[in-house]
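There are 2 protein chains.
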Amino acid sequence: MEKGRDNSLHGKGEGDRLQRMREIAMDIFRAGLQAVDPEEAVYRKVTLEDGKLRVGERVFDLGGFKRVLVVGAGKASAPMAKALEAILRDRIEGGSLVVKEGHGLALGKISVEEASHPVPDMRGVKGTQRIMDLLSSAGQEDLVIGLISGGGSALLVAPVQGITLKDKQEVTRLLLSCGATIHEVNTVRKHLSAVKGGQLARLAAPATLITLILSDVIGDDLDVIASGPTVPDKSTFLQAKEVLQKYSLWDKVPPAVRGVMDRGVAGKIPDTPKDGDPCFQRCHWEIVGSNLQALMAAREFSESLGYRSMILTSRLEGEAREVAKALVSIAKEVKATGNPIGVPCCILSGGETVVTLRGKGKGGRNMELALSASMALDGMEDLVFLSAGTDGTDGPTDAAGAIADGTTIARARRLGLSPLRYLDENDSYHFFEALGDLVITGPTRTNVMDIQVILVE
Amino acid sequence: MEKGRDNSLHGKGEGDRLQRMREIAMDIFRAGLQAVDPEEAVYRKVTLEDGKLRVGERVFDLGGFKRVLVVGAGKASAPMAKALEAILRDRIEGGSLVVKEGHGLALGKISVEEASHPVPDMRGVKGTQRIMDLLSSAGQEDLVIGLISGGGSALLVAPVQGITLKDKQEVTRLLLSCGATIHEVNTVRKHLSAVKGGQLARLAAPATLITLILSDVIGDDLDVIASGPTVPDKSTFLQAKEVLQKYSLWDKVPPAVRGVMDRGVAGKIPDTPKDGDPCFQRCHWEIVGSNLQALMAAREFSESLGYRSMILTSRLEGEAREVAKALVSIAKEVKATGNPIGVPCCILSGGETVVTLRGKGKGGRNMELALSASMALDGMEDLVFLSAGTDGTDGPTDAAGAIADGTTIARARRLGLSPLRYLDENDSYHFFEALGDLVITGPTRTNVMDIQVILVE
Numbered sequence: 001m002e003k004g005r006d007n008s009l010h011g012k013g014e015g016d017r018l019q020r021m022r023e024i025a026m027d028i029f030r031a032g033l034q035a036v037d038p039e040e041a042v043y044r045k046v047t048l049e050d051g052k053l054r055v056g057e058r059v060f061d062l063g064g065f066k067r068v069l070v071v072g073a074g075k076a077s078a079p080m081a082k083a084l085e086a087i088l089r090d091r092i093e094g095g096s097l098v099v100k101e102g103h104g105l106a107l108g109k110i111s112v113e114e115a116s117h118p119v120p121d122m123r124g125v126k127g128t129q130r131i132m133d134l135l136s137s138a139g140q141e142d143l144v145i146g147l148i149s150g151g152g153s154a155l156l157v158a159p160v161q162g163i164t165l166k167d168k169q170e171v172t173r174l175l176l177s178c179g180a181t182i183h184e185v186n187t188v189r190k191h192l193s194a195v196k197g198g199q200l201a202r203l204a205a206p207a208t209l210i211t212l213i214l215s216d217v218i219g220d221d222l223d224v225i226a227s228g229p230t231v232p233d234k235s236t237f238l239q240a241k242e243v244l245q246k247y248s249l250w251d252k253v254p255p256a257v258r259g260v261m262d263r264g265v266a267g268k269i270p271d272t273p274k275d276g277d278p279c280f281q282r283c284h285w286e287i288v289g290s291n292l293q294a295l296m297a298a299r300e301f302s303e304s305l306g307y308r309s310m311i312l313t314s315r316l317e318g319e320a321r322e323v324a325k326a327l328v329s330i331a332k333e334v335k336a337t338g339n340p341i342g343v344p345c346c347i348l349s350g351g352e353t354v355v356t357l358r359g360k361g362k363g364g365r366n367m368e369l370a371l372s373a374s375m376a377l378d379g380m381e382d383l384v385f386l387s388a389g390t391d392g393t394d395g396p397t398d399a400a401g402a403i404a405d406g407t408t409i410a411r412a413r414r415l416g417l418s419p420l421r422y423l424d425e426n427d428s429y430h431f432f433e434a435l436g437d438l439v440i441t442g443p444t445r446t447n448v449m450d451i452q453v454i455l456v457e
Numbered sequence: 001m002e003k004g005r006d007n008s009l010h011g012k013g014e015g016d017r018l019q020r021m022r023e024i025a026m027d028i029f030r031a032g033l034q035a036v037d038p039e040e041a042v043y044r045k046v047t048l049e050d051g052k053l054r055v056g057e058r059v060f061d062l063g064g065f066k067r068v069l070v071v072g073a074g075k076a077s078a079p080m081a082k083a084l085e086a087i088l089r090d091r092i093e094g095g096s097l098v099v100k101e102g103h104g105l106a107l108g109k110i111s112v113e114e115a116s117h118p119v120p121d122m123r124g125v126k127g128t129q130r131i132m133d134l135l136s137s138a139g140q141e142d143l144v145i146g147l148i149s150g151g152g153s154a155l156l157v158a159p160v161q162g163i164t165l166k167d168k169q170e171v172t173r174l175l176l177s178c179g180a181t182i183h184e185v186n187t188v189r190k191h192l193s194a195v196k197g198g199q200l201a202r203l204a205a206p207a208t209l210i211t212l213i214l215s216d217v218i219g220d221d222l223d224v225i226a227s228g229p230t231v232p233d234k235s236t237f238l239q240a241k242e243v244l245q246k247y248s249l250w251d252k253v254p255p256a257v258r259g260v261m262d263r264g265v266a267g268k269i270p271d272t273p274k275d276g277d278p279c280f281q282r283c284h285w286e287i288v289g290s291n292l293q294a295l296m297a298a299r300e301f302s303e304s305l306g307y308r309s310m311i312l313t314s315r316l317e318g319e320a321r322e323v324a325k326a327l328v329s330i331a332k333e334v335k336a337t338g339n340p341i342g343v344p345c346c347i348l349s350g351g352e353t354v355v356t357l358r359g360k361g362k363g364g365r366n367m368e369l370a371l372s373a374s375m376a377l378d379g380m381e382d383l384v385f386l387s388a389g390t391d392g393t394d395g396p397t398d399a400a401g402a403i404a405d406g407t408t409i410a411r412a413r414r415l416g417l418s419p420l421r422y423l424d425e426n427d428s429y430h431f432f433e434a435l436g437d438l439v440i441t442g443p444t445r446t447n448v449m450d451i452q453v454i455l456v457e
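Just so you know, the sequences run in chain order A and B.
Position one of the first sequence corresponds to residue 1 (this note's numbering), numbered consecutively onward.
Position one of the second sequence corresponds to residue 1 (this note's numbering), numbered consecutively onward.
One thing to keep in mind: the hints can contain errors.
Claimed, not checked - Quick list of simulated restraints, FRET-style, between CB atoms:
#	chain 1	residue 1	chain 2	residue 2	range
1	B	Gln169	A	Leu176	49 to 57 Å
2	B	Ile182	A	Thr164	54 to 62 Å
3	A	Thr164	B	Gly359	49 to 57 Å
Think of the hints as simulated: they come from the structure by calculation, not from any bench.
Using N, Cα and C, we set each Cβ at its ideal position, and we do this for glycine too.
All chains should be built: construct the whole structure from the sequences, respecting the hints.
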C-alpha cells in the first residue's frame, strides 16, 4: 500500500524492526477501514432471518409491509444499497439514489443518479425529484429504507418553491466566504431546501422509515450528517434570517431568498419538522459506520496482535501541526514512564483536524500532522505514527496520509530535505513522497474522517 | 483561592454541582502542588537515620565523610536547603546558594546570595564565585550536596576566562532573537561558562557529589535543567561555533567570544566534561520533584475521592489554543462513550505549551488554554477544565491559570464578552477575571511547569 520505500536508508536491525512496525500500523489502519466499508457496515448491522429484519437492536416484521422502498444520497450510498439488495433480494420494490460522480454501481431495482459534488448540479436536482416522487407515493403500509452518507447534503438538492438552484448556489457561496460556522451555513441551507432538515421524513410519512447512516462528522450528530434529511431539525426560519443579517448578507442574497425567509418567518411556509413532529412517529435511525466504529475495529485487531490498546478520542479537532505535538507528547510519556498505558501499545485517535494554509505546497491534514509529528518524535526508537483519511484521499492528492517514525527526520536530512521548510510551505505530500512514506490506499468508497495509529514497543 | 465568583449566574442545582466540581479540581491541583513543594520534595526523597543518609534508593554513610558542604542555584533552592538543614542539622559545615531576588530564606550555615533573573547580574557572578571557591576546597573525604532548580542557568553565572559578563549577555541576546532552538542557545552558553555543562562537578571532584534536582523542563533531561552544572555534557566547542555560524552571528559576537571558541575548538581550553569523565565517578543525581511527580500525587488524591484517573502526559507541548481542542476532544469522548476511561474520571496532563502572540492583551499559556477549552466544551454538563502553572504565575499576571466549564461561554455572553475576541487579543486574563474564574494561588516557591485537571462526571 505504500509507495516503494528505500530500505537501504535504515540500519539493518532497527530498520527491520521499524519496517515490521510500519506494516503492523498499516494493518491496524486497514482493519479500521474494513469495519466501515459501506457494504461491510450494512452487513454488520442489518440481517434478515425468517422474514424478520434486524437493524441494530430493533426488529421489523417484513410480512407487515406492503412495499419496501430504498432511497439514499451520499458518496457511499451505492455500496450500502448493494449490501441491502443482497440482504433483502426481491423484497425491494424499487428505489432511487443520488451519488457522487464516479461513485455509482450497477444495482437491481434501485436506480442510481450520479451528480456533481461539492457544487450541486441539475443531475442532483433530477435524482432528488425522483426520490421525492417515490416517497410521495409511500403509504402507511410501506417500509422506506434511507441510506445516508457524507456528501449527501450537496447531492440531495431540491430548492424550496420560488428559489432556483442558482439562487441556492449564490447563497452558499456568500455564506462560505463570510466566516459563518458550518452550523450557521446549514441553518440557512435547510431553510432554502424542500428535503433537508427532516423534510424527507415528512415526505415519507406515514410510511415506516429506517435510515442507515454512515457518519462523516465529529460526534455523529444525526441532524448534521448530510443536513439530516430524515431527522428532527433544531433550527428555524428566524435563525436562518438572523444568520444572513449577522454577516450582512441580507441585502446581497437574491430577492427570492429574502422572500422565502420572510414568508417562513411569518409562518406562511411550514418550518422544518421539529422533535415531536408526527412525521417522525415511525422513524428509526441506525449509524452503521462511524469513526468510533473504525477505531473500535482497529483496537480489536491491535489487541489480537498483543498490543495494549486505547482509543483516545474519535472527535479530534484543532490545527494539525499543533495537535501532532500533543499526540506525540502522550507517546513519549508511554515510552518513558508507561503512562497512560504500558508498552507494547497502540494508541488510536480519530476525527478531523484542520490546516491553516500559509504556503503553496501540496498536502493534506493527515500528511501535515505526520510531518509535524515526525519532528516532535525525532530520534525515538520503536515508535511509528500513522495518520490517514479513511476515504483514501488527503487534501488534493492521491495519498491517504503518511507514516512517520524516529528516523524520518534523519532520512529527510540525508536527502537534503528541510522538514521545517516543507511544513512552512504546507508541502507535506512532496516531503513524504521523497521518503517513500506516503500511505496510498486508492479510493476506499467510505468516509468516516481520519484515523491516527501510534504504535509503541 | 479563586477570585469572588458570582454564583447567581448559575441555575441552582447544576450550579451547585459545578461549584463542587470546581472546588475538587482545585483540590486536585493543590495536591499536585504540595508534592513538589521544594521542602516537601526534599523530605520525601532524603532521610537520615543512624548516620545513614538515604537519597532515593541510595544510602550514604555520613560517618565516612569529613565535611558536608551544600551548594545550589535556582528559584527553589533556598527552601530545598532549609529542608536539608532540618535533616542534616549540625552535620552541615557550610554552603552557598544563588537564588532569585526575593526567593531567599534565613538559613543556618548556608549563605544565600539573591541575584537577578532572567538577565544575570554581578550579584550572580559574586554568589557563583563563592560556590566555586567552596568547591575548590572540597577533597576526596568531603560530601557536597547540590541543590538545583529552575532558573539556575541565569543565576549560576561565571564567564569563562577572557569573557566579561557583558560579552555573555550580548551573545545571549543575539541568540535569543535569531531563531536558534533552546538546545542551540545552551550549547553556546555552556561553552562561554566556567560552571555550566558539568563544570561544577569538575570543580567539586574528587569529593562525593549528590545533586538534588527540581525539574522544570520537559522530559526532565538532567543536562538541560539549569544547564546541567553537575551533569556530563553532550555538546562541544565545535558545535557551539557551528551554531554561531549557522545563524550568521559569528561576525557579530564580541571578538573575545570568537577567541574563546577558536581556542576551544583547537583544544587549548578543556571542553565541558563528557560522560565517562573521571570527575563524575562519585556523582549521584536525584530528581526530587518533577511535573510527573506532581501529576502522580494529583492522581493519587483524585483516586482517593473515587475518580478513575489517568495521566495522559507530563510532556505536553504545542500552541495552547490548539492543544486545548485536542484535550477537550478526549473529554468529549469520555462523556459520550467512556473512552479512554469511564466517568466519573479525572484526566491529568502537564508540560509547557506556548502562546504565539497576536494581540496586545494580558494573559498566559494556561489561561489561553482554558479560554480555548471553554469554547470547545461550551454547553457540556458535569465537566470542569483547569489549567494552571505550578509556580503560581501564568504569564505577566497575578494568576496561576483559570477554570473553564460548560457554562463559561454562556456566562461570558451574558456579561457582553466575546470569547473569540479575547482569544484573538491574547487577553485571557481579563476574560476570566470578569467571570471570577481565575486560579489565584500566589507564589508557590516551586516550578514544575503547568498542570491540567479535567474532571468529568
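Evaluated hints:
Between glutamine 169 of chain B and leucine 176 of chain A the CB atoms are about 52 Å apart, so this pair conforms to the stated range of 49 to 57 Å. A C-beta distance of roughly 60 Å is found between isoleucine 182 of chain B and threonine 164 of chain A, which places it inside the suggested range of 54 to 62 Å. About 43 Å separates the C-beta atoms of threonine 164 of chain A and glycine 359 of chain B, a value inconsistent with the hinted range of 49 to 57 Å.
Violated hint for the displayed structure: number 3, the only one.
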